[in-house]
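Just so you know, the protein sequences line up as chains A and B, in that order. In this text, residue positions in the first sequence follow this note's numbering: the first is 1289, and each later residue adds one. In this text, residue positions in the second sequence follow this note's numbering: the first is 1289, and each later residue adds one.
To be clear, the hints were calculated from the coordinates, so they are not data collected in a lab. Everything hinted at is true.
Given that identical chains are not distinguished, each listed pair holds provided it fits within a single copy or across any two copies.
In silico lysine to any residue, SDA-like type, Cα no more than 20 Å apart, as pairs: (1) K1761 x R1723; (2) K1784 x E1389; (3) K1401 x T1594; (4) K1761 x I1789.
Below are the chains, spelled out letter by letter.
Protein chains: 2
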Amino acid sequence: MGGISHTDRTRSLRLRRLGIDTYQEAVIYMHRDCYVCRSEGFEAQARVQVDYSNRSIIATLNVVTTDLLALDEVGLSEAAWRLLGAQEGDQVVLSHPAPVESLSHVRAKVYGKRLDMMAMKTIVYDIVVGRYSDVHLSAFITACSGDRLNHQEMVALTRAMIEVGERLDWGHTPVMDKHSVGGLPGNRTTLLVVPIIAACGLIIPKTSSRAITSPAGTADTMETLAPVNLDTAGIRRVVEREGGCIVWGGALRLSPADDILIRVERSLDLDSEGQLVASVLSKKAAAGSTHVVLDMPVGPTAKVRTSEAAKTLSNHLMEVGREVGLEVRVIFTDGSQPVGRRIGPALEARDVLSVLRGERDAPQDLRERALLLAGHILELSSHVPSGQGQKVAQEVLNSGRAWRKFQAICEAQGGMREPPCATHTYVVTAPYGGRIIGIDNRRLARIAKLAGAPDAPAAGLELHARLGSIIEKGQPLFTVHAETPGELAYALDYVKANPNIFQMEVSV
Amino acid sequence: MGGISHTDRTRSLRLRRLGIDTYQEAVIYMHRDCYVCRSEGFEAQARVQVDYSNRSIIATLNVVTTDLLALDEVGLSEAAWRLLGAQEGDQVVLSHPAPVESLSHVRAKVYGKRLDMMAMKTIVYDIVVGRYSDVHLSAFITACSGDRLNHQEMVALTRAMIEVGERLDWGHTPVMDKHSVGGLPGNRTTLLVVPIIAACGLIIPKTSSRAITSPAGTADTMETLAPVNLDTAGIRRVVEREGGCIVWGGALRLSPADDILIRVERSLDLDSEGQLVASVLSKKAAAGSTHVVLDMPVGPTAKVRTSEAAKTLSNHLMEVGREVGLEVRVIFTDGSQPVGRRIGPALEARDVLSVLRGERDAPQDLRERALLLAGHILELSSHVPSGQGQKVAQEVLNSGRAWRKFQAICEAQGGMREPPCATHTYVVTAPYGGRIIGIDNRRLARIAKLAGAPDAPAAGLELHARLGSIIEKGQPLFTVHAETPGELAYALDYVKANPNIFQMEVSV
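With the rest of the complex left out, here is chain A (with noise of 0.2 Å):
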């Protein structure tokens, strides 16, 4: 059967740069008359293997019918461009994918079969090195949704996504590390709970993410107030000199799988259990952290709905934790209502500021819920007896400590700055009169996303009521903030389309 060469059925292009961003999906462009789509039987929408160098990816065809590629041409989409790390002028050859084999582990699970160990680790490498199609990569996440994936498929998934990664390793133990399980806005515990464990002493390199499905993560909100992008020879200069840091981890290889998974749960609003689980503890492992305390919050419109629920995942943390090597405390909080006054990456810093700085309307629910954490971790490490916790580190918030050691790690991590300010709001004010008894968490985060953020860092909003406040007609609920006016114009008309984000019990 030989005598037909693999060379021979690929063929050689010019890569030009069109310049065209489609996020993360590796796409390529070439012409319908060229020799390649026509000897190759490519048609749109195919998966295209690209060959330079010692790389190789798979992207999805887009055909172009007109002048924009020569024959002898070939575009990339900017993320294409990333993964080969091609020039341009480059000759590329292209050829026909093999089968990417380990979407028969993807269709099986779909069917309801168990996904071992072998079959994570193949799907996760696919997922990683870019052989995964963006309806691939939804079909995986919805088909381990819901609470399809049990505890071993969760292990398995949790390792996969480790070893595909980097791992750090601070050479030390305890290394103590905290995360917030989504969910309620404003909840921006790790600038002050990462400060006050440093001021004592303990290595808490912190990394986070950038939000998922919220209007700020914690990166984001950091990054309002000093760079965040650092690499991991600048995180290990930060936590040798400081003790902590406050980190994007996505520029850092740890679980890259989670980065790619992530964008695709954010364009579905997706949120799955299993998913969440290998998210948190792989950036965790890989991230070398041996304690964990995760702050769960728990409510009718947070992340987590009811005790029962965080029950189940606290388990599955704690359990999946045990077996890659973390020590896991879960801590519920109350999620009834966002944390704090302000939502959006640059409002929530100024919360967190004020807490920092001690001053006197600083938001008491946000400085209470970082004491607890702080509290719990401080206990985790064995570094302080049980129950003390919470007192040592309120007497490192109350004397400055904390806020000194902030200002140190955001120099450190290259320089402090103030958060920026919306060049746009609006007040929105009561209807009528009442006693508030709810808050609609995912309502109000929708709103500071259609007003822009977390990508616009001014935009959110900030509440001016709270849990149980009695309130007057026309007196402020909340101030929406946007850096344009059609982003304000967006979220005010969602505001006019939901008259019930804040329930009112009305008396008579």
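Assemble the complex: chain A is given as a structure, and chain B must be docked to it using the hints.
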């Protein structure tokens, strides 16, 4: 909250045709620095609403960073041009789309909730008007796959898919139809059954699909013999004149959601039971059929692998059929090996022609299968007494009436033609002798697809041995046909890597 109107936050740009074919996904191209991108805070992968005249579509944003587009220009993918119906140079208005509320139903389904009629209708409507990105479509398909749709949900999905499209009415009953539940290469009985039934004076307006995951759909095969892209008026003309037709259903907007979903299923290589039921029945009901015979091949490498699975699926088809006004009869057939001798559009057409012409070496299995199905259709119509159907069908075929009717149908559809021949072939021989005790249909189908089928109509393969044949070392097993050397080589690479497609019992 007034003062900022909708029009203030929408912006207008001039359409430019870039000629980029993304297959079905609507993509919009805007310059990074254009006013709309900046003022609306759009970034790559954002969903953008495009309004033109009284049409409105949602497209996925690709951001252009070079001078491919001027700042006041906007490009669309070919799919988006088709959906929008605009001309180059026209002005479009761009805005943030309202949240696609039906996606909350998809998320609910991911979490195991049941979808009611209303939920299915809103999902299917949003799919048809282009509000779902490929990532959303993939999640919906995956969430409904496996056995995750119950009876009520299948009925709801089927009804929703019928109602969202056109529905033909023949003003006449019975209107006969047939369908093969795919998975068996070469199973082209439709091209035999339709002329037999029409020659008996019954109405059988057959709309067929192109291949989903197989190397040839019925429409692909028929297209090598006559035009199949007829509009509704064209079909009426053919059916009024000849009683039957064999056309591609895709252009008719009969269950248009099906065409969109099938494309993503293809990219996932996934066939879901509930979606299969809804796909088959919605097409039949929308085509105005009243009585349908379904051919369900069962075998270890067919689409339906066990008699248990066949029974479950056929119950779903009959029961859901009843609720949407279709009398459905399911015939289980042998699915252990390909039907006929050839696989691929033009090759299968040759098998069909040899049966119609009564040639001596015509594949008997294809002939027998067609007579079986035609017999059931005749009996289901009540035009022929029970037990007599197959005999009547045989007379019509043997007498040449079916062959004359087939030619008349081809002429009515636009003229009969000769199927094309492949320019590149390769004979694969047996590596050793023995008796053939198993044939892997799925791998044979994959070889035909790798050779270019169905997009290359002459591509596919021709079998020289069947189940039970005793063959000697070096004897031909099958010939691979391709239209290009690249595709031939690729198919042969796969053959080389998969030596056990024919399972042999070696006599010792």
